Structures are given as structure tokens and as C-alpha cells.
Amino acid sequence: MFKLIKKGGMQKLFAFSALILIYLFFAFTGKNFTSSATTLNILASSYYVGFLALGATFVIISGGIDLSLGALMMASALIGGELYRDAGFPLWLCMVIMVLFATFVGLLNGLMVTKLKLPPFIATLGTMMGCLGFGSIITGTSSKYFPTILEPDGWFIRTFFKSANGVPLGAFYLLAFFIITFIILNKTKIGRYIFAIGNNEEAVRLSGIKVDLWKTLAYVISGLSVGIGSIFYAATYIVVIPNTGNGIELQAIAAVVIGGTSLAGGIGSLTGTMIGVFIMSVLKNGLISINLPAPYQVFFTGLVVIGAVLIDVYRNKRASKVKLK
Amino acid sequence: MKFKKSSKWLSLLLIVTLISLVFAGCATTEEDEDQYISVIAKGFQHQFWQVVKLGSEQAAIDLDVEIYFTGPEGESAISTQVDMLNAELAKDPLAICLAALSTESVLSQLQEAADKGIPVIGFDSGVPNAPAGQISANASTDNENAAGLGAEKMYEAIEAKVAAATVASPVTITVLSQDATSASVTGRTIGFTSRMYDLVVGAGLTASVTGDYAAANKGDAATSAVNITVVVGATPDITDMTNAATGVLSASNLLGVFLSNEGAVNGVLAALNAGSVLPEGVQVVGFDAGAGQKAAVSSGLFLGSITQDPFQIGYQAVALAVKAANGEAVADIDTGAKWYDASNMEEPDIAQLLYD
Amino acid sequence: MSNLLLTMKDIEKSFPGVHALKKCTFSLEKGEIHALVGENGAGKSTIMNILTGSIPYDSGDIFLEDKKAHFKSPKQAQEAGISMVHQELNLMDNLTVAQNIFIGRESDNIFLNDTSINKKTKELFEQLNFHIDPEEIVGNLSVSLQQIIEIAKAISHDAKIIVFDEPSATLTEKEINQLFKIMKELKKTGVSMIYISHRMNEIKRISDRVTIMRDGEYIGTLSSEKAKIEQIIQMMVGRVIYEERKKVSTVIEGQKPILCVKNFSSKDVNNVSFDLYKGEILGFAGLIGAGRTELARLIFGADKKTSGELFIHGKKVNINSPFHAVKQGIGYLSEDRKRYGLVLGMSVSNNIVLPKLTDYISGIFINESKIKEVTKEYIEKINIKTPSEKRLVKSLSGGNQQKVIIAKWLLKNCDILIFDEPTRGIDVGAKSEVYKLMNNLAKTGKSIIMISSELPELIRMSDRVLVMCEGTHTATLKLDDINQTTIMEYATQQ
Chain A
0 MFKLIKKGGM QKLFAFSALI LIYLFFAFTG KNFTSSATTL NILASSYYVG
50 FLALGATFVI ISGGIDLSLG ALMMASALIG GELYRDAGFP LWLCMVIMVL
100 FATFVGLLNG LMVTKLKLPP FIATLGTMMG CLGFGSIITG TSSKYFPTIL
150 EPDGWFIRTF FKSANGVPLG AFYLLAFFII TFIILNKTKI GRYIFAIGNN
200 EEAVRLSGIK VDLWKTLAYV ISGLSVGIGS IFYAATYIVV IPNTGNGIEL
250 QAIAAVVIGG TSLAGGIGSL TGTMIGVFIM SVLKNGLISI NLPAPYQVFF
300 TGLVVIGAVL IDVYRNKRAS KVKLK
Chain B
0 MKFKKSSKWL SLLLIVTLIS LVFAGCATTE EDEDQYISVI AKGFQHQFWQ
50 VVKLGSEQAA IDLDVEIYFT GPEGESAIST QVDMLNAELA KDPLAICLAA
100 LSTESVLSQL QEAADKGIPV IGFDSGVPNA PAGQISANAS TDNENAAGLG
150 AEKMYEAIEA KVAAATVASP VTITVLSQDA TSASVTGRTI GFTSRMYDLV
200 VGAGLTASVT GDYAAANKGD AATSAVNITV VVGATPDITD MTNAATGVLS
250 ASNLLGVFLS NEGAVNGVLA ALNAGSVLPE GVQVVGFDAG AGQKAAVSSG
300 LFLGSITQDP FQIGYQAVAL AVKAANGEAV ADIDTGAKWY DASNMEEPDI
350 AQLLYD
Chain C
0 MSNLLLTMKD IEKSFPGVHA LKKCTFSLEK GEIHALVGEN GAGKSTIMNI
50 LTGSIPYDSG DIFLEDKKAH FKSPKQAQEA GISMVHQELN LMDNLTVAQN
100 IFIGRESDNI FLNDTSINKK TKELFEQLNF HIDPEEIVGN LSVSLQQIIE
150 IAKAISHDAK IIVFDEPSAT LTEKEINQLF KIMKELKKTG VSMIYISHRM
200 NEIKRISDRV TIMRDGEYIG TLSSEKAKIE QIIQMMVGRV IYEERKKVST
250 VIEGQKPILC VKNFSSKDVN NVSFDLYKGE ILGFAGLIGA GRTELARLIF
300 GADKKTSGEL FIHGKKVNIN SPFHAVKQGI GYLSEDRKRY GLVLGMSVSN
350 NIVLPKLTDY ISGIFINESK IKEVTKEYIE KINIKTPSEK RLVKSLSGGN
400 QQKVIIAKWL LKNCDILIFD EPTRGIDVGA KSEVYKLMNN LAKTGKSIIM
450 ISSELPELIR MSDRVLVMCE GTHTATLKLD DINQTTIMEY ATQQ
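Order-wise, the sequence lines are chains A, B and C. Terminal number for the first sequence in numbering that gives the first Met the number 0: 324, no gaps in between. Terminal number for the second sequence in numbering that gives the first Met the number 0: 355, no gaps in between. Terminal number for the third sequence in numbering that gives the first Met the number 0: 493, no gaps in between.
No lab work stands behind these hints, which were simulated from the structure alone. Treat the hints with caution; some may be incorrect.
Okay, derived cross-link-like pairs now, BS3-like style, lysine-lysine, Cα gap no bigger than 27 Å in a straight line [as the list claims (entries may be wrong)]:
id, chain 1, residue 1, chain 2, residue 2
1, C, K355, A, K188
2, A, K116, C, K369
3, C, K303, A, K114
4, C, K227, A, K186
5, C, K227, C, K183
6, A, K186, C, K369
7, C, K326, A, K209
All values reported here derive from a predicted model rather than from experimental measurement.
Working from the sequences, and respecting the hints, build out all of it.
Next comes the structure, spelled out in C-alpha cells:
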């Protein structure tokens, strides 16, 4: 165990034990908390944040940040809803377009950061606002509805949210996506380069590696995740309202940070991110299960984020101490 | 060594979090062993919802049940409300009272509630267009009755002048409405015109209802002593409502004006600001309670206004839920409306209903 | 000497791994301009930083006007009348001249009083016989005028001693004349000055005395008027050369160059051309700021050149980025390993295979076992001391970190290697291992460009030495002509 800690897994360990402790706490105090229905809710309310957070992990490890996640997810869901309701596109085509659109915006983010040399914070702040506005413009600022279970396209919910007998299918997709991204980050050169760039971009460039390419790819992966996340958001909540969604990126980033990914880049893990996502989800459902109003959820999530960042800061200090030697 | 120091920090943080959770939890969990009723509102920010909450809490005391009142942070936070509803369903409450932000987004949850045998009571605007049978009953304002109350109050004030009217010298009572499509506004229009018609006819006079909302029309204006007219603005936009109000105020023989919602009230107030004159003796009755409207009522410019009763909305929702949970048959309940004017609007039980 | 203002006696200072000052002595008279010279790393900056309170010292005494003094911070030193004009300007570009000079001393109460500081600034410039508008924004001024503002700032502290750290490095000939005029004015008012410089003729022109340092030791003090430039240089470089020198170049005569650089220019490099041959170690000599690293980065495509052509094996190639350079078989070992050479937070094996990762992919997956195998081989081959190939690079010693970078480029099979300060900050044992490694590489036909500020190692290793001065190529010395005095002459040439 000590070895694991020394290898930088300390925070993952912390996050994991925090998840277990918080879960146990609610299991004893909450109402029906260990029931399958609540477990299902914990899984269900982590779908879309989960996708966003997995994608954001790539960007954050590369040393960047993506503030456009939430607004982009809504914009892409609005586009899907508009095409489905107003243009009469088949649902599958709408889904493809949603994913393509978000991936394209991710590419834009990446190009702005690498080619135009904009700071990621500014570039993605710009796309965030752009997406908020774009979603409103194409829908004429009206809400968009995805098919409900009562409509012929009700398979949409049954496929991406819950099956008719209540199996949380979304959780399986999230798990599958986690495995794929895990492989990309840890087993392919995309991931290896993204880690290296987050660690020391200039050294990687001077090793003769096309830094711009790999960095852009991190944003593209983030955009792709947002596109997939928007499908699951639509299936879970059906209604998409224009000019909303900013704020969700902060939940995703919080999950990433809780999971031990350093905002300075170069350090991070997708397992940690998943733990972070579930900590937030357990908190959300757990506080309701002990009959506490919604604001408490935000409050306690805040505490967890501060705790996680404290560790990040502490770890960075330690890292710089090593460097000085 | 390093690790030791940091682990101290971690455990400290963890302990603080958990302790605060325990404290926060104790407050409610200890007395919460019994089953309870879950109330999910549309939001918390408006005073309206605070009063609904007071009402539901009073019902909980009177009927000796536990309730859990919750709601999203704002009326666009659909996903939060859906998550709350999911979490509530998982807790197996006795019944759920729901004011849905969007019917479409809760359809699977309603189905789930029906499958689990948890009755759902709609309150305030309820869950419009929900599939049949999935909402046990609604606790909401009956707009026709509420507007009828306005007609009665206005009739009291103009009774003498109405009695003096003849077919040769008829008088006019006008309803100004923002639109002819939304359920609440059309309900109020119908409610006011039909009650006023009944009152006039009941006094032995001839009356007619004519104007922009065909469904309300009755009688023939040419052969009536009292003409009730309905005016609907070209659009709900404030400029169109102002134009419509200017027209209404310039009509001859005008006795009274009923404004069926805040939009119509604002149209009249804007027209008056722009130079229109409220003829002497014309009685104006409004609906709802915006800041401008309250000022108009308290200054005596308006005879008075009708307000919904959010306290009763909250109270009756819980009362219905208790009945439904006990397996009794339940039906929609009118949560009533209250009349307010310059004389009573400072009284505490009225004042708390006058949400902005 | 009753005229003595400052005495520093037996100053000792050690940094981790380096004995920076060994019983160093320095003295300064009232109203004197005293030049301080020495090679890079001789300890000039260290002793001046100790004097001005920037860094603490281990032992020794400082006497200011016969009173013992010990400055714990630059502010204390300033209060005692010692100011330093740094080589890098410490001015705030967006503030005015007066605001810069009086930063931290704006007024006695909480309100700003620009009128008063403008007036004081004006008086100050009048005293210096110089005319700069106190309300001008500093960012609009030329570098030399900014330097003068730094000087004015130092004087405004009622300085008795002003230290100039290589001020002329950034100045033009005309500006240097202006600077000297000011220094002479100051001298008349009784201010003492210490002038750090590499330029022999300047020292003769401005200073009264010159103190020479070498390897952290005090070598001697001469009268500037009487001393000969050759004498000063000899004292600067005059250590015993204990490294074994190459007797004959192993480069085969008459072959075609493997790398041919023609007319390279950029902001810091001025029209440099040279050839590099197979199996050759070509040394780049020059002072700091001579443009050697900048030239290396141009060759490697790390920076953009404004003009120049590059030929490899006689074929013209375009190198616009390190990606292209590596493709052409050029490897670059940066002078700043931690910033430019290593991914510190990654393992030894990940660092070694980084440029060649594409070759260790099976399907889409990274083949970790193959990487392990090959890195183990290299760890053994060049003797990297690490408990495991999975160890994070940041936990290795400087010498072993350097070897990781060498392994990286060896694995990539680069024919042309640029070693920029390869032995900086590593201990003696590791140094000789790096030398051995470089010689072996040359023997196996690799071509090496070696940039070093340590002349002895450059002399020991190089087949030829290219000398640069201020971005210009001043000489290419053949094996027989390589010696410290000649190199220093070309490196300090105007």
C-alpha cells in the first residue's frame, strides 16, 4: 500500500476511501439508500457528467482546461432536438450530428490553443459563450424535446437511459466509454504523448514530436465525449433549454480534480475521475436520502473539491521540492 | 514522513466533512423513521413558493404526517428536478406532490410511480397533459371561480349604475386579456364574463357578452342594457397591450374593467402613464399581485384585485396526498382565491399572499 | 590605506555540490571604479550577490568604512548605500520613469504624489547631466535609456557603492560612451563603482583597478593602466590543464561534410556558416550571450531563422521544427535539461523512448515489454544509475539525467548530436563518463557539436573549435591552434 501511495496514487486512494466512507455514511443514515432504486439513481445521475469528465481528463492532463463542456453539451443537444422536432430528421441521424458537432467544436478549441496560441482558459471561455448563443440562435430560444417514452422513438430512452425493466443501460455505456478512454490514455501513444506534454511541453517538442497535433487531439477527445454525453443527457432529461448548461463543466472539472488529476497537467487518471464522478453522484443522492435540501449538495461538493485541490497544491509543492534537489 | 503529514490533513478533512454531514443528517433523520410525503416544487426563490411551503408544513402538522419539501434552484433547472424526482421515487414515499417544470421530462418517472403504486398529486400548475390516470388529483386555483369572485366584487361597486342602465343608454364592462390561448387566462375570461352576465340578468336586466374571445359570447349587444366586451391584445407584448388598454379606456359609458392577468394590468398602467385618463367612477379589478398592481390597489386607483392562494395550494396538495395514500378516492380541489383592496392588503394573512 | 571604503575578507560560499567561493577577498576604495573579471562561473556574480545581500554567505567578514557589516537582504544593503544595477532590467514597463525610480518610496502618507517624485527625478537627471522626461512610460524607452534609469534608481538610494553587472552586454558603442560619461560624473561626486565585464578594452578605458577571479578564488588585483590585456586573460584562464588533450584529430581528411550550415541568421545569430564532418567533435566557444545556444536551436529547428541554408550529406534540407530535425537524424541535448530535455514526471524508460515511441507500438497499443527490454539495454550500455527503468527521472542525479537524454538520442540513432553544456551541474565523476561517452560516439562515426562554457573541457574534447562573439562567428580554430588564450581573444573580440 505504501508503494502505491509513493507512486502518486495517494490521492486516488484518498478519493476512493472518501467514496466508500461517504457511501457507508448514507447507507446507515439515508432512507432506502442501499436499495437498487437509489443505486440506479446514483448511476443514472452520473451519466452525462461522467462522459464530460472523462473527456476533460485528457485536456487537463495535457496542461489545458476546457470550460466549454457544459454549454457545448447543451448546444449539441439543442441542435439534435431542433433537427429531430423541426427538421424531421431521423433520430439516429440527429445523434450522429450531435456527436460530430461537439467533436468539431473540440477541434476548434484545440486549433485555437495550438495554432493561434490562445490560452486554453480564454479559448474555451470563448467557445462556451459561443455555444450558449449558438444554441439559442438555431432554436429561436425555445426548448427542444427529445422523444418521450410515449412516442414511437421511445426506444431512445429505453436504450440510453433505462431499459423497460429498469436496468441502467447508460451506466454500461459509461463503463464501456471509460474502458476505451482508459486504453487510449494508458496504452496508446496518444495518451503517452498527452501525459508527456502536460509534464513538459517544450521538452516533448524538442524530442521531435508534433506537440500541436497531440494537444489538439486532447481537445478533440474532449469534444467527442461531450457529444456522446449530450445523447445521454437528452435521454435522461428529455427537455433541453437554451442558454443553460454553463456550470456543468465545473461539475465535470470538479470530478476530475477530486479524482487526483492535477490542474497543472502531467498527472492524472481516468479511474480517479470515475471515482470523482461517483463521489459527486453519491453526495447528490445521499443528501436527498437524508432529506436535506438541494443547496447542501452544492455545499458539500464544494468541501470535497477544496479538499482535493489542497492535496493537488500540496503535491505540487512536493514535486517542486524534488525538482530543486 | 511526508506521507504522514499529508495523511493527517486528509483524515482531518474527511472527519470534518463527515461530522458536518452527521450534524446535518441528525436534524432530520431522527424523527424521520415514519413514512412521509414528498413535495417537489418548481423552485424556491419566489415568495410564492415560500408561502406554498408554509401551507404544506401547516397541513403536515394538522394531519400529523411528515413531509419533505424540496425543489430545484430555478425554473430552468429541469435536470435537477428530474434527479430529485428520481431520488424521491427511490425513497418510496407515501405519495408525491409535484409541480413539474416540464411534463415531457418526467413521463418515465410518472410511469414508474404508477408501477410502484405511489400516488402523484399535481399542485400549482401540476403536470399538464400527463397521461390519464397517472396524476391522482390536482390542488390548484380554479381560474373561473377566482375571476367570478372579481365579478362579484365589481358588481357590488357598480350595482347602482348598472340598475340605471337601459337598452337606449347602455353601459359597458370590459375584460382586457393578454391572450386567448393560455388555459389560465381564458379560464379567467370565461369565469368573469359568465358570472357578471348571471349577476346582471339576475337583477332583471338584459346583458350580452361580445368581443375578441368568441367562446365567451352570449346574447345580443344591440338589445342589451349591459354590454360585457372582451378585448384581447394583438400580442402579449407590452406595447400591444398598452394600445389595447388605451382603446378600452376611451370607450363611452364604461363602468368597469377587469384585467385578467399581470400583462393586462401592466398594459393599463402603461396607458395611464402615457396620458390616458381613467374616467371618473370606472372601477378596475386586477388579477395577481405585481409591484405596480399593488401600488394601484393601495392608492385606490384600482377597486381591488384577485390573488391566488399559495398557502392553500400547499395545504391542499398535502391533504390530497394523505387521502390518496390512504387509498381514498381523490378529486381536483380548488385552492381558492382571495380578494384584496386598499382596506385589507396590510392584514398579515393577505399580505403574505401578495408575492411579487 | 585610509581611503578604503569596503573590504571583503575570506568569503566562503558553497552551493550544493559546488564550492563557489574559496576564501575570496575583495577591496574597494572611495571614488574608485573597480573592474571585476573572470570566466563564466568564476564567482563574480556570487560575490557581488553576497555583497548586496541577495544570497547569504557561509563565512568571512565584510567591512564597510571599517565597520563590520552583514546584509541579510538587498534592502538592508541599499539602506547602507550599496546598490546593484542588474544585467536583466528590473523595471516595470507600464509605469513612468519617476514611478519606477521611486517604487516603494512613493510618498510619506497613503496618497501618491507624482508631482514631488517627478521633481526629484528631474533633479536626479540634472545631477547626472542627462535628460529624460520623468513622466515618460519606461516601455517606450530604448534598452540603454532603461539601463540609465536603473542607474538613476541606484543613485537615488544615496548609493555609496554601485555594482554594474555587465551593463555593456546590451548596449551599443554610443550608449556605452554615454554610460562611461555618467560613471565619470558619479566618480567626481565620490561614489565608488564595481564594474563586471568581459571586455578587456572597456576595462582599460574606464576602471582604475582590476580584480581577477578564477574558480571561486581571488587571483589578484592590478592597476588597470599598467596591466596588459594578455596578462589579465592569462590570470583569468591560467589554471593547470589537467585534462588529457587530443593529439591528433581522428577525423578523416578530405571527406565531404555531413552537415553544412550556410549563412544562418536570426535575432541573436549573425550570418554564421560552418561544416561538420563524420566522427568529428566540433566545439562552440564563446561567452554567455555569444549566440551559441541560439545557433544550435536554429539548426535543430527549435527557433525560426531569418535566413540560411542547411545541407545534410550534401543535400539541402528544410528544417522548420524539431520534428523535421529529428527526422533528419539530429538530436539536441539542451543546456537546461529540466526545462527542455526531460519529462521529469515520467519514468526513465518513457523518457528514453519518447522520440521513438512510434517504433514500439503493436497494433494500436504501446508494447511495454519491448520498451522495458530496450531501455534496460541502454541503461546498462551507458551505465545509467537507476534502481529500475520505471523510476521517475526527477529522482535521478544530474549526471544520470544527462545520460537518460543521451540514451534517448542514441536510441533514435541520430548521426548528428548537439551537446549544449553537457556537463553543467554534474559532478566530476559523471563528467568524465560523459566525456568518454562522447569520444566513443565520435569513434563510431557520430558527429558532435559541443557547446561549453568550460574552456578546458572544450579544449580537451574538440577536433576543431568555432568561436563566437555576440552572434558573429569570429574564428574556427584547428586542433593545433586550440588554446585558452586564443579562444578568449576571439571570444572577447569587438
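Results of checking the hints against the structure:
1. C/K355 <-> A/K188: Cα-Cα ~11 Å, so holds.
2. A/K116 <-> C/K369: Cα-Cα ~36 Å, so violated.
3. C/K303 <-> A/K114: 16 Å, holds
4. C/K227 <-> A/K186: At roughly 66 Å apart (the allowed maximum being 27 Å), A/K186 and C/K227 break the hint.
5. C/K227 <-> C/K183: Holds. C/K227 to C/K183 sits at ~22 Å (cutoff 27 Å).
6. A/K186 <-> C/K369: The given pair, whose Cα atoms are some 13 Å apart, holds under the 27 Å limit.
7. C/K326 <-> A/K209: 12 Å, holds
When held up to the earlier numbered hints, the structure conflicts with 2, 4 and fits the remainder.
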